[in-house]
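Those protein sequences? They're chains A and B, same order as listed. In my numbering, each residue's number is its place in the first sequence (first place is 1) plus 8. In my numbering, each residue's number is its place in the second sequence (first place is 1) plus 8.
Some hints here could point you the wrong way.
Unchecked claim - Simulated pairs of lysine-lysine, DSSO-like, Cα-Cα distance not exceeding 30 Å: (1) K276(B) - K284(A); (2) K330(A) - K276(B); (3) K230(B) - K63(B); (4) K310(A) - K284(B); (5) K39(B) - K128(B); (6) K284(A) - K330(B); (7) K230(B) - K128(B); (8) K340(B) - K284(B); (9) K63(B) - K128(B); (10) K63(A) - K284(A); (11) K63(B) - K284(B); (12) K63(A) - K128(A); (13) K284(A) - K310(B); (14) K230(A) - K330(A); (15) K330(B) - K310(B); (16) K284(B) - K330(A); (17) K230(A) - K310(A); (18) K284(A) - K128(A); (19) K284(B) - K276(A); (20) K276(A) - K276(B); (21) K330(B) - K343(B); (22) K63(B) - K128(A); (23) K284(B) - K310(B); (24) K330(B) - K276(A); (25) K284(B) - K330(B); (26) K63(A) - K310(A); (27) K230(B) - K276(B); (28) K63(B) - K310(B); (29) K39(B) - K284(A).
For the record, the hints were derived by calculation from the structure and aren't laboratory data.
Protein chains: 2
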Amino acid sequence: MIIDVHGHVSAPPSLMAYQGGLIAARGAHGKGGTGATLEQVRDSHNRPLPNWDNKSHIEHIDMAGIDRQLLSPRPFTLIHSEEPASIVKWFCEETNDIIKLAVDAFPDRFRGICGLPQSKDTTPDQWVAELRRCVTELGFVGGMLNPDPMEGLYPPVPAMGQRWWYPIYEAACELDVPLLIHPASCRPPARENYSLHFITEETINLVDLVNSSVYQDFPTLKIVFCHGGGAVPYQVGRLNAMGRSHSSNALFVDRLRNVYFDACLYSKEGLELLFKTVGPDRCLFGTERPGTGTSINPATGKYYDDIAEVVESVDFLSAEDKAGIFEGNLRKLYKLESW
Amino acid sequence: MIIDVHGHVSAPPSLMAYQGGLIAARGAHGKGGTGATLEQVRDSHNRPLPNWDNKSHIEHIDMAGIDRQLLSPRPFTLIHSEEPASIVKWFCEETNDIIKLAVDAFPDRFRGICGLPQSKDTTPDQWVAELRRCVTELGFVGGMLNPDPMEGLYPPVPAMGQRWWYPIYEAACELDVPLLIHPASCRPPARENYSLHFITEETINLVDLVNSSVYQDFPTLKIVFCHGGGAVPYQVGRLNAMGRSHSSNALFVDRLRNVYFDACLYSKEGLELLFKTVGPDRCLFGTERPGTGTSINPATGKYYDDIAEVVESVDFLSAEDKAGIFEGNLRKLYKLESW
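If we strip away everything but chain A, and leave its shape as in the complex, we get (with noise of 0.2 Å):
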C-alpha cells in the first residue's frame, strides 16, 4: 500500500469565492462561510480539475498509486500575510472543515491535516487552539506548518530554531502530533514565486532548526520537512562543515535525523540523494499530486510526481525500506498503524 503525506484538498470553488469576499471586505461582513456541503466536497474530489488535464483528484492519486493520502489546505491560499487577522483565521477553520468533509466523504482514501491561523499580526500561541480542536474533535492527525507566515514580507518572523514557536512545538507534544512544514505564499518585491519560496524558506528552517536546542527542550517532537527539505541534503557537506560548534558535538548530518523528510522531489537522483543523506527510515512517501508536479515530462511521456515507480526503481533500497517509505513510516509517525 501507499500513503502520501502530502496531498492538499480539492476544495469546491465556493471556497475560494469566500477568500475573495473576505479579502474585498477586510471582514466588514463577518465570518460567513461556504456552507459546503459534504456531497459537494465528494463532488469537488471526482469532478475534472481544469489545471489538471481535466481530471479529477480522485482519478489523478488512482494514476499515480497512491492509495491514501494525508489532506491539507493548499498552502498558497491560506493568505497569511494578509490583514486584518480574523479573515486569516476564519479562512483557515472554514478551510479546516472542508477537509473534514472531504475525508468524512472518502474515509478509505483521506485523512486530514489542518492549516493553522498563523496570521503575520499574531503569534504561536494563537494557533494552539485551531490546532486543539481540529485534533481533538475533527479527528485529524497532524498540522501543518508555514515557517515564513510574513509571506516574504519583511521583517521575517524568528526561524524554527528560535523560543518565538515554542507554543506550538509544545501543543505538538501534547497532542502527540507532527508538524509539516509547508510554507505557503510569498509576496513581491520577493523575487521568486510561492512555489520557489518553498524550497527557501524550508532550506533557512531547517538548518536554523537542526541547528538550535529544540530537539533538547522537545525530545518527542516529530516534524516533517516538505519536498525533500529544500538545498539541505545538497549541500549537507558545507553543513556539516559550518555546524561544527553545536552543543551535542554531534554533526550536521547526523542531527539531521531528528527530522522527517517528504520525499517530493521529482528526479530519481534527487530521490536517491535524500534517501542516502538522511536514511530511507526518515522519509514519507510524498506527490503534492495533484499539484505542481501534475505535468507530463516529455522525457519520460509521465507526469513528473508519478514518483511511486521512480521509488520502486531505486536499487540501493531494500523491500523493507520502500516498504517503510511508502506506508510503515508514516504509519508509525501519524500513529495510522491500523487504518
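Assemble chain B onto chain A, guided by the hints.
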C-alpha cells in the same frame, strides 16, 4: 593539473583594519589605503592562518592538490550594504589592488577575479568602470558579482533575470570575461548567516536567470554559479515542472546549460548529482580553500574541501570529463589555455 575557480585572497591584516576605519568614520577621513606592499601580500599567503589549523594559504592549496587558483575578494568582507557608497567603492578598489599584488607575487599560482563596487545605493552601470579597470589595466580574468547587494535588507534589488542588471552583462560581454556569481554578507533580521545566504541567493537568482530572456539578449554572456548552484540541481524536477512556460519551449534543465557551475560541494553525493544534472562539461573545479570547508570531516579524517580525490573517484566520469572539470573547462571559459 588542477585549477580552482573559487579561491579568496588571504589579505594582510591591514585590509580589515582599513575596513574598520572606513566604517567607523563613514568616509570622513577620505579614501586612504593599506599601503600594502608586494612583500606583505606574499607573506600573507605564506603566514600561518589561525582559523585554519595555522597553515598558510599556499600550504592549504598544496595539501589539496590545487596547482593554480583564481583569487577573488572574500565576499563576506565586501560591505555592499554599508553607507555611504564611497566607502564600499574604496574598499573594493583596495581589495582588488591587493589581489593584483598576490598575482604578481605568485604568477604561477594565481590569477585575479575582481570584486565590484556594488553599494546598495548604486546601480550596475556604476560598477562597470571597476570591472574595466581590473580587466584592462590589472590583467584580471573575470569579475565576481553579488546577486544581493542589499545583503538581506529590504527591499531586495531585482533578481538576475531582470533588465536592471543589463549594464554589467553588456560590459562582461564586451570585455569577454565571465562573471562569478557569489553572494556576500547577510544582515539581521534575515535568519541565515552569510554562508547559508549564499545558497538561498544562488537558488533564487539562478532560477530567475534561467527562466528569463537574458541569454537570448546576451548569447555570449559567461556566468559561473558558485556552490554547485544552491538548491537547483537537487530540485531540478520541480523546476522542470514549474518552468513549462518559457518562450524557448526548452526544459528548465536544458536551459540550465547556458550557465556554468563550480563544484564547491563537500559531499560525493552532491558532486555526483551536480555532474549528472548539468553535465561535466558545465562544471569547474572549485573549493573555496581555505574557507568554509577547511575543517576535518570526522567521518573521513580529511578536510571537507579535499574535493580533488572525490572528483577523481566518481566512477561515471571519463578521463576526459575529469580533465575538463579539473582544468579544461576553466581554461576555455577564462581564456587561460596558455597559463
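Against the structure, the hints come out as follows:
no. : hint              : verdict
1   : K276(B) - K284(A) : 11 Å, holds
2   : K330(A) - K276(B) : 23 Å, holds
3   : K230(B) - K63(B)  : 34 Å, violated
4   : K310(A) - K284(B) : 20 Å, holds
5   : K39(B) - K128(B)  : 19 Å, holds
6   : K284(A) - K330(B) : 24 Å, holds
7   : K230(B) - K128(B) : 24 Å, holds
8   : K340(B) - K284(B) : 21 Å, holds
9   : K63(B) - K128(B)  : 35 Å, violated
10  : K63(A) - K284(A)  : 35 Å, violated
11  : K63(B) - K284(B)  : 35 Å, violated
12  : K63(A) - K128(A)  : 35 Å, violated
13  : K284(A) - K310(B) : 20 Å, holds
14  : K230(A) - K330(A) : 21 Å, holds
15  : K330(B) - K310(B) : 21 Å, holds
16  : K284(B) - K330(A) : 24 Å, holds
17  : K230(A) - K310(A) : 33 Å, violated
18  : K284(A) - K128(A) : 37 Å, violated
19  : K284(B) - K276(A) : 11 Å, holds
20  : K276(A) - K276(B) : 17 Å, holds
21  : K330(B) - K343(B) : 19 Å, holds
22  : K63(B) - K128(A)  : 49 Å, violated
23  : K284(B) - K310(B) : 25 Å, holds
24  : K330(B) - K276(A) : 23 Å, holds
25  : K284(B) - K330(B) : 13 Å, holds
26  : K63(A) - K310(A)  : 15 Å, holds
27  : K230(B) - K276(B) : 27 Å, holds
28  : K63(B) - K310(B)  : 15 Å, holds
29  : K39(B) - K284(A)  : 52 Å, violated
Of the numbered hints stated above, those contradicted by the structure are hints 3, 9, 10, 11, 12, 17, 18, 22 and 29, listed in ascending order.
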